[in-house]
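Spelled out, the chains give:
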Amino acid sequence: MQPDHHEIELTVNGTRYRRTVESRLLLSDFLRHELGLAGTHVGCEHGVCGACTILLDGDPVRSCLMLAVQANGHALATVEGLAPASGELHPVQQAMHAHHGLQCGYCTPGILMTMTAYLNEHPSPSEDEVREALSGNLCRCTGYQNIVDAMMDAAARMREEAP
Amino acid sequence: MKPAPFKYVLASSLDHALALKAEHGDEARFLAGGQSLIPAMNFRLARPSVLIDINALTRLSGIDRPEAGQVRVGALTRYRALERDGEFLRSCPLFADALPHIAHPQVRNRGTIGGNLSHADPASELPALAIAMQARMRIRSAAGERTVAASDFFAGLLTTDLASDEMLVDITYPVLAPRSGACFMEIARRRGDFAIAGVAAVVTLDEERRCASVRLALCGVGETPVDAGAAALPMIGSRLTGDAVEAVAAGVRDLIAPSGNVHASPDYQRHVAGVLVQRAIRTAHQRISHAA
Numbered sequence: 001m002q003p004d005h006h007e008i009e010l011t012v013n014g015t016r017y018r019r020t021v022e023s024r025l026l027l028s029d030f031l032r033h034e035l036g037l038a039g040t041h042v043g044c045e046h047g048v049c050g051a052c053t054i055l056l057d058g059d060p061v062r063s064c065l066m067l068a069v070q071a072n073g074h075a076l077a078t079v080e081g082l083a084p085a086s087g088e089l090h091p092v093q094q095a096m097h098a099h100h101g102l103q104c105g106y107c108t109p110g111i112l113m114t115m116t117a118y119l120n121e122h123p124s125p126s127e128d129e130v131r132e133a134l135s136g137n138l139c140r141c142t143g144y145q146n147i148v149d150a151m152m153d154a155a156a157r158m159r160e161e162a163p
Numbered sequence: 001m002k003p004a005p006f007k008y009v010l011a012s013s014l015d016h017a018l019a020l021k022a023e024h025g026d027e028a029r030f031l032a033g034g035q036s037l038i039p040a041m042n043f044r045l046a047r048p049s050v051l052i053d054i055n056a057l058t059r060l061s062g063i064d065r066p067e068a069g070q071v072r073v074g075a076l077t078r079y080r081a082l083e084r085d086g087e088f089l090r091s092c093p094l095f096a097d098a099l100p101h102i103a104h105p106q107v108r109n110r111g112t113i114g115g116n117l118s119h120a121d122p123a124s125e126l127p128a129l130a131i132a133m134q135a136r137m138r139i140r141s142a143a144g145e146r147t148v149a150a151s152d153f154f155a156g157l158l159t160t161d162l163a164s165d166e167m168l169v170d171i172t173y174p175v176l177a178p179r180s181g182a183c184f185m186e187i188a189r190r191r192g193d194f195a196i197a198g199v200a201a202v203v204t205l206d207e208e209r210r211c212a213s214v215r216l217a218l219c220g221v222g223e224t225p226v227d228a229g230a231a232a233l234p235m236i237g238s239r240l241t242g243d244a245v246e247a248v249a250a251g252v253r254d255l256i257a258p259s260g261n262v263h264a265s266p267d268y269q270r271h272v273a274g275v276l277v278q279r280a281i282r283t284a285h286q287r288i289s290h291a292a
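Same order as they appear, the protein sequences are chains A and B.
According to full-length UniProt numbering, the first sequence is numbered sequentially starting from 1.
According to full-length UniProt numbering, the second sequence is numbered sequentially starting from 1.
Just so you know, not all the hints are guaranteed correct.
[As the list claims (entries may be wrong)] Computed footprint of chain B on chain A, listed as stretches where at least three residues anywhere in the stretch have a Cβ under 8 Å from a Cβ of chain B:
#, segment
1, 2 to 8
2, 45 to 51
3, 56 to 68
Since the hints were made in silico from the structure, they are not lab data.
Note that the coordinates shown come from a computational prediction; the quantities given were computed from them, not determined experimentally.
Cβ atoms here follow ideal geometry from the backbone N, Cα and C, with glycine treated the same way.
Based on the provided sequences and hints, a complete structural model is requested.
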């Protein structure tokens with residue numbers, strides 16, 4: 001079969017990109033290999049581990065379960081765009097650091113993207129609700145407790161900072 | 001893991017999508033949410049030569065009420081939209097119980113009801129809901145349109161009544177009847193995993209508050225969703241006592257033939273199904289009392 005190419009235009013972290021992609025290129029591989037945004041990690045490549053979670057028009061999705069061509073015309077956010085400025089951290093990143101919410105760090109970008117979107121929509125979650133929200137992101141190092149602690153702290157900080 | 005090469009076409013209209021499917025038949029697949037199809041393509045278990053992306057067909061998405069007592073859901077409606085529609089969840093309360101069991105939020109943000117039902121995974125919740133609620137599926141092809149009952153839609157493991165040129169376009173559910181209660185329950189090894197067993201129950205009482213009808217369907221315990229309504233027949237006319245409910249559970253344990261998996265033996269699946277049947281019927285019954 002002849003390679004099937006398509007021209008796409010999309011926004012990632014506020015930057016507009018125009019690229020030609022093969023139809024079978026996964027969005028996760030497009031972000032990493034074509035745009036050099038390797039903060040989005042690739043674990044299982046079948047939608048189970050959550051490491052590749054990004055925001056599509058503001059909502060968390062698995063970037064390994066979308067084709068790059070499907071992102072045409074959409075606005076994406078990845079972990080590279082999370083911190084407000086160089087040298088600063090988003091409250092969710094700050095809380096993960098403070099509570100030792102990561103060890104190897106492989107799952108961390110996906111967790112950060114999932115939980116920033118969740119905490120924006122649910123500013124005062126219970127611990128059970130945080131665990132439920134985390135259920136689509138696997139972490140093999142931490143046992144999750146420190147991540148849950150970090151998210152409860154991040155929620156409190158985000159409530160304080162909200163106007 | 002990379003999908004095998006394919007030709008990608010973004011359908012510009014339903015007619016366009018159906019014409020492409022008629023042309024390419026089984027070689028082509030519709031791409032909706034992609035939450036089952038893309039993993040299968042990543043593993044190369046599915047190798048379609050043409051992928052017809054229907055995500056731009058916004059008229060296939062949404063919830064409306066074609067007539068009183070019915071709710072119609074477009075095939076491209078995402079789980080996320082169903083979860084956030086309070087009026088829909090009040091009309092079809094089985095969905096309020098079942099949606100949180102469907103994978104995880106990231107998957108529910110993309111996955112669609114039509115893709116779910118067309119994929120026909122026997123462990124999936126929504127096929128069982130369609131059976132329990134006696135949904136009707138509207139199916140289109142370039143040649144015409146037909147409607148089938150949910151009970152005739154699920155033909156086997158990952159197999160439906162859809163022909164190679166057809167698409168499921170919407171699903172019509174009756175709203176919960178008066179003096180009725182509904183409950184869906186599921187046990188999985190971890191939240192969001194495939195069901196070891198799941199049960200959807202809809203109980204309707206008569207004016208003397210005796211059991212007038214029970215709809216019962218299970219997921220995860222066979223090659224298709226299982227309609228267990230026959231096992232509930234002894235309960236009709238009863239007061240839903242403990243003995244009557246236990247008899248239904250025994251009937252369900254006899255009716256199903258689960259194949260077992262790495263997490264559960266067939267006997268354990270049968271046991272779990274029986275326990276869930278009792279809990280779901282009791283909860284559905286209690287919900288009527290609370291509402292009436």
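Each hint tested on the structure:
1. Taking a C-beta to C-beta cut-off of 8 Å, the segment 2 to 8 of chain A contributes 3 residues in contact with chain B, enough for the three needed, and the coverage statement holds.
2. With 4 residues having a Cβ less than 8 Å from any Cβ of chain B, the segment 45 to 51 of chain A passes the three-residue criterion, so the hint holds.
3. With 9 residues carrying a beta carbon less than 8 Å from a beta carbon of chain B, the segment 56 to 68 of chain A meets the three-residue requirement, and the given coverage holds.
The structure shown violates none of the earlier numbered hints.
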